[in-house]
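A.B. asks: Using the sequences and the accompanying hints, generate a full structural model.
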Amino acid sequence: MSINRRAFLKAIGAIGSTSLIGRHSKAIAQEHFPGYPDRFGVLHDIPLCTGCRKCEWACKDQNKLPNKPIETYDDKSVFEKKRRTDAESYTVVNRYPNPKDKEKPIYVKFQCNHCDEPACASACLVKALKKTPEGAVTYNKDVCIGCRYCMTACPFYVPAYEYHNALTPEVRKCTLCYERITKEGEIPACVKICPTQALTFGKRSELIKVAREKIRSKPGEYIDHIYGKHEVGGTCWLYISGVPFEQLGFPTDVGTKPYPELTKGFLTMVPAGVVILPALLGGFYMFTKHREQMTKDEATTSEKKETQP
Amino acid sequence: MTEQVKETYIAPSWLREKVFMGMTFKEYIRRLFTPFNIVAGLIILVGLYFIVIRYTQGLGAVTHASDNQPWGLFLSWGLFTGIPLAAAGYVLGSTVYLFGLKEYRPLLRPAIILGFLGYLFAALFLLVDLGRPWRLPYPMFVSYGVGSVLFFVAWSVTLHVVLYFVESCPAIFEWLGSDRFRRWALKVTVGATIFVVTLSTLHQSALGALFLLSPGKLHPLWYSQFIPVFFFVSSIFAGLSMVIAESTLTSRYLKHRVSAHYQAKLPELTLGLGKAASFVLFTYFGLKIIGIAHGHHWNLLNTSYGYLFLVEMIIFVLLPCFLFAFGVRNRSVGLVRFTAFFTIIGVALNRFNVSLIGLNWKLPHRELFHWKEFVIVITIITIELLIYRWIVNRMPVHREHPEYKGMH
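Protein sequences, first through last, are from chains L and U. Taking our numbering, the leading residue of the first sequence gets 1, the next gets one more, and so forth. Taking our numbering, the leading residue of the second sequence gets 1001, the next gets one more, and so forth.
None of these hints come from the bench; they were simulated from the model. It should be emphasised that the depicted structure is a prediction, and the values quoted were computed from it without experimental measurement. Some clues are possibly wrong.
Stated by the list, open to error - In silico EDC-like links for lysine to aspartate or glutamate, alpha-carbon gap of 20 Å or less:
1) L:Lys82 to U:Glu1367
2) U:Lys1362 to L:Asp253
3) U:Lys1018 to U:Asp1179
4) U:Lys1362 to L:Glu246
5) L:Lys104 to L:Glu221
6) U:Lys1187 to L:Glu292
7) L:Lys60 to L:Glu170
8) L:Lys60 to U:Asp1067
9) U:Lys1102 to L:Asp297
10) L:Lys81 to U:Asp1067
11) L:Lys289 to U:Glu1103
12) U:Lys1372 to L:Glu162
13) L:Lys141 to U:Asp1067
14) L:Lys130 to L:Asp38
15) U:Lys1102 to L:Glu298
16) L:Lys100 to L:Asp224
17) L:Lys82 to U:Asp1067
18) U:Lys1275 to U:Glu1103
19) L:Lys81 to U:Glu1367
20) L:Lys296 to U:Glu1103
21) U:Lys1102 to L:Glu292
C.D. replies: Rendered as structure tokens:
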């Protein structure tokens, strides 16, 4: 059987319709995104943190996660090992040795950094994770299929999964108290409860000014680096510290490029490939077809010559 | 009266011819009890138990439930290794239809079935691995994360299952004896092939592109901006090796399902495939070297991960490259066949290094996968093998259907 004109046109039609999938290109090929102008954020002044872990309690209270009485949070033994966020804790405080003063260890609060251009959101194939104009990276459990690519993509190892939930497992992470901020005009629960002002909530642009002022006004107290200002293209959580950030468990190899740009090149190539490759392959097919025809014709003409005297 | 008898006679005979391979039901069941089938059945029983546990108690009941290493054996084997091995379908499809190498036609149908089952089972592994498996069609119909590489992968896997099924239709309709449907199926075959080759090129690379989002997490020896190209090029020799490996096993263990024509042509075709694989392996090796040079990672070779990388590159890429070439030059079909199996292990090793071992290499403590995951993977592979045998035993895959001889 040979391909006829109709079959060929059918194939072309099929190819044409797939190039419609190529509407990715519009979404991806946008120019550099400077971030939503009025996004909120939190500044974590690490030297002010005393490791009371009240933020952990408040977070669980706010998000209705399994919680213990607030007094039990005085227990310092939890600092013996480094903890990460999990399905039942959206934030954790870890302790690090202080190279300047052994008596005064350093406490660092850890949670979702709410990136300006989040790796998790660009990884999500159903748009369950979204960057909101208010700054929070929110999660929609109603469309999540549970592929956990967001967890593989997150450079900070933040999202956690409900592995022991058989029917309705969700990805869990800090919401920046999105509902509280937008509907109740409140500030995040962890910031509200912090007794030492180690956390400041506000417009990210303002927080950068505050951070700069702190670094400038107390020389020697802080190193000259606002973590999160440029890291992974900028995050809504910002940190200032007295010791270099790599000593406090912060990944310092994440670069300043927003993560979505890492796959942008590949994704813009896809629609191009969907158009160019069929043309090329169809061309090969036509050559092959023609060659077969030529061999056939040659065979018949030589036969004819042989039969003619 | 006579008509009634005739009817009752015809109905069981269709089943008997098409499904029970010409035996009565009783005889068929009796014949099923072979040592191979009994072992396979036991494996499946154990595996099904764990699969039930997984669906009733959650992924955490059969995996390490790690928030740091969310992807385990189901994806490393089922998706990241399964898909390049399913490349057999697009590699042979383009060889025969697009480049016009008609000599390879006897190997085409098995390759397409390999492609079809490869993708179907990749989807099956996803159903085991996804937190909410019934939402598998969501990227297609409910919510479109068009900025995600995984979105493209999801669409590709779905389209591949459909297209490979379309390409398998001629064999299916010959088996069912439906001449009209067979002719329809043949008409769209070339279109489907062009479509599959296009999508496969992009989609094999897309599996690599998934890891572009993990620059700090994936070991620098494997992380490269060229990783999509590595994945695509290695899928070619993975596909070629799979065709050789499959033909080796079938011509040996399912001899009676293989035509004399196929058996006679096979040695020469095997050498041809081996030659191609050798060439592609060499290209791949060169590309990988450029990858290290580009990242200035020579110093990392002298670390434990570096040794693993060298094992992968020298023992499982360079060595098979030479073994293929040597086998072809000495016309040793046996060596080419051995090398094909060897290459498949190499491809699996590479995909495991990228998606499991080299990922999160900086974390101090991590467990790669739980033994229960391994049991489930073995179970699903066993089911896949049995289905493959079921198809080959019934449909004209390695032989021509007597009614359609020479009519392709």
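A.B. asks: Within a Cα-Cα threshold of 20 Å, do lysine 1187 of chain U and glutamate 292 of chain L meet the stated pairing?
C.D. replies: 18 Å, holds
A.B. asks: Please verify whether lysine 104 of chain L and glutamate 221 of chain L have alpha carbons no more than 20 Å apart.
C.D. replies: 14 Å, holds
A.B. asks: Are the Cα atoms of lysine 141 of chain L and aspartate 1067 of chain U separated by 20 Å or less?
C.D. replies: 18 Å, holds
A.B. asks: With the threshold set at 20 Å, check whether the alpha-carbon distance from lysine 81 of chain L to aspartate 1067 of chain U stays at or below it.
C.D. replies: 17 Å, holds
A.B. asks: Given the hinted pair lysine 1362 of chain U and glutamate 246 of chain L, is their Cα-Cα distance within 20 Å?
C.D. replies: 14 Å, holds
A.B. asks: Just to be careful, I want the Cα atoms of lysine 1372 of chain U and glutamate 162 of chain L compared with a cutoff of 20 Å; is the pair within it?
C.D. replies: 19 Å, holds
A.B. asks: Mind checking the alpha carbons of lysine 81 of chain L and glutamate 1367 of chain U for me, to see if they're no more than 20 Å apart?
C.D. replies: Given pair lysine 81 of chain L, glutamate 1367 of chain U holds - Cα atoms ~18 Å apart, limit 20 Å.
A.B. asks: Taking only the CA atoms, is the gap from lysine 60 of chain L to glutamate 170 of chain L under or equal to 20 Å?
C.D. replies: 16 Å, holds
A.B. asks: Within a Cα-Cα threshold of 20 Å, do lysine 1102 of chain U and glutamate 298 of chain L meet the stated pairing?
C.D. replies: 19 Å, holds
A.B. asks: Between the alpha carbons of lysine 1102 of chain U and glutamate 292 of chain L, is the straight-line distance 20 Å or under?
C.D. replies: 10 Å, holds
A.B. asks: Within a Cα-Cα threshold of 20 Å, do lysine 82 of chain L and aspartate 1067 of chain U meet the stated pairing?
C.D. replies: 14 Å, holds
A.B. asks: Holds or violated: lysine 1018 of chain U with aspartate 1179 of chain U, Cα cutoff 20 Å?
C.D. replies: 16 Å, holds
Checked against the numbered hints given earlier, the structure satisfies every one of them.
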